[in-house]
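Visitor: Chain residues, written in single-letter form:
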Amino acid sequence: MAETEKLSASQRAKVRRLSAPKELAPDEEGGELNIVPFLDIVTNVLMFVLATVSVTFTATIDSYPPRAGGGAGRTPTTKTLSLTVIIVNEGFSIKASGGNVAPGCSDTGPGIAIPKKGNDYDFEGLRDCAAKLKSAAPEFESEEQVTISANPNIPYQLVIGAIDYLREVPNPNDPQKPRRLFPEVNFGLAR
Amino acid sequence: MANQPPPQAKPASTRAPQKQASMATYKRELRKQIKKRAAEPEINFLNITAMLDMMTIILVFLLKSMSAQSASLPKSQDLTMPNSLLTTEASQEGLAVLVSKSSIVVDDAEVCKVPADATHGVEAKYKRSGPNDLFIQPLAAQLQQWRERDRQIRLATGKDANASEAILIVDKDTPYRLLVEVLFTLGQSEFAKFHLMVMQAPKK
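First to last, the protein sequences are chains A and B.
Under the numbering used here, residues -17 to 173 are what the first sequence spells out, in order.
Under the numbering used here, residues 2 to 205 are what the second sequence spells out, in order.
Keep in mind that the hints are not guaranteed to be accurate.
With a Cα cut of at most 30 Å, we get these calculated BS3-like pairs of lysine-lysine [claimed, not checked]:
hint, chain 1, residue 1, chain 2, residue 2
1, A, K(-12), B, K20
2, A, K(-4), B, K102
3, B, K114, B, K102
4, A, K77, B, K114
5, B, K194, A, K(-4)
6, B, K33, A, K(-4)
7, A, K4, A, K61
8, B, K36, A, K4
A few chain A positions that, by computed beta-carbon distances, are all more than 10 Å from chain B [claimed, not checked]:
hint, residue
9, S1
10, P3
11, S79
12, A119
13, P134
Hints in this document: simulated from the structure, not taken from any laboratory.
Small disclaimer: the values here were computed from a predicted structure and weren't measured.
Note that beta-carbon positions come from the ideal geometry of N, C-alpha and C, so glycine has one too.
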């Protein structure tokens, strides 16, 4: 085996010098800002904001100024339903062009069309009744206006609930496309 | 001094000059040493591009979802909006009219107090002609100022200047009588379209 060739002193010195890790010049180092602490702060602030700010998603229901009497404003030239829902303390009273809708929503006559179920208002009953009335004649299918009135003490949440349930009814054949009932709301003034 | 001996020349080094290794050996040794003494690669900076992208998206989402609210909604026991099944976006256009349990506020200015029992509307002193009237005078006065400004803006921007719009933010327990008084006064002040603000149902 051949003897390992040894470097001379000058060669070793040169190797030491050349293999030493290079020191960065002052203008070469610090080219990047150390933004890690900044990012820590920003992340903490972001987490704090996300935790404290409650994002509320809102929607708006469009409506028009109330009319005295609660009925339709002009004399219709064609047969119309002219649906009016009055929220009273006992339930929903419904009036249409044929007169007052009787309890059970099957005929005209005196009484509350959709009485309360116990202490709760029967919103689903109201929706089913509105759908039934709309289907009563082919001319009513294009009608989308409803007038809503209420007793003076009825809270706003109940009015919004009635508007919601009168807007549309689920379509069992196509759940993505509910059947439109009465999305256009007018407010009536009780005489 | 003339008789001093001349300085002696430096004696030649007694050590024989070391034999230099071949260039190949020298280079091999140099490479070995460079490899051995090389400093561990230091992470001088983080690649934060992906993180900044993510934070920007979150920020944009927050700003977008907050701008969906047309007015700065006061969050208190005094004003809780009603819940609705609606999932559509809120309308942005119109004057914000707030009806809380204690007051009616228009354009950040309180116009009148709401009594504890508001089933007869606001107090008669605010009405035009007694307790049965629906017209709230301080509210109408405030609305008229805003309406005049809005009319000028609508004329300048080519919109229909005949009527303005209002966003109604009403407490869920507000009696219907008070709601109608506010709506009636708005209608009398040439506001023809109302946007009733509600809390949106969760999207399916």
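Visitor: Next, verify each hint and record whether it holds.
Guide: Verification of the hints:
The suggested pairing of K(-12)/A with K20/B holds, with an alpha-carbon distance near 8 Å, which does not exceed 30 Å. With a C-alpha separation of about 89 Å, the suggested pair K(-4)/A and K102/B falls outside the 30 Å cut-off, and the hint is violated. At most 30 Å may separate the alpha-carbon atoms for a hinted pair to count; K114/B and K102/B meet this at roughly 9 Å. In summary, the hint linking K77/A to K114/B is not supported, as the alpha carbons are separated by about 35 Å, beyond the 30 Å threshold.
Restraint check for K194/B and K(-4)/A: the C-alpha separation of about 89 Å exceeds 30 Å, so the hint is violated. Between K33/B and K(-4)/A, the direct Cα distance comes to roughly 13 Å. Compliance with the 30 Å bound is thereby established for this hinted pair. About 95 Å separates the Cα atoms of K4/A and K61/A, which puts this hinted pair outside 30 Å; it is violated. Between K36/B and K4/A, the direct Cα distance comes to roughly 13 Å. Compliance with the 30 Å bound is thereby established for this hinted pair.
Look at S1/A: its CB is around 4 Å from the nearest CB on chain B, not clear of 10 Å, so calling it non-interface is violated. Against chain B, the non-interface label of P3/A is violated: not every CB pair exceeds 10 Å, the least being about 5 Å. With a least beta-carbon separation of about 24 Å from chain B, S79/A lies farther than 10 Å from that chain, consistent with its non-interface assignment. The claim that A119/A is not at the interface with chain B holds, since no C-beta of that chain comes within 10 Å of its own (minimum 27 Å).
Residue placement check: P134/A does not keep its beta carbon more than 10 Å from all beta carbons of chain B (closest about 4 Å).
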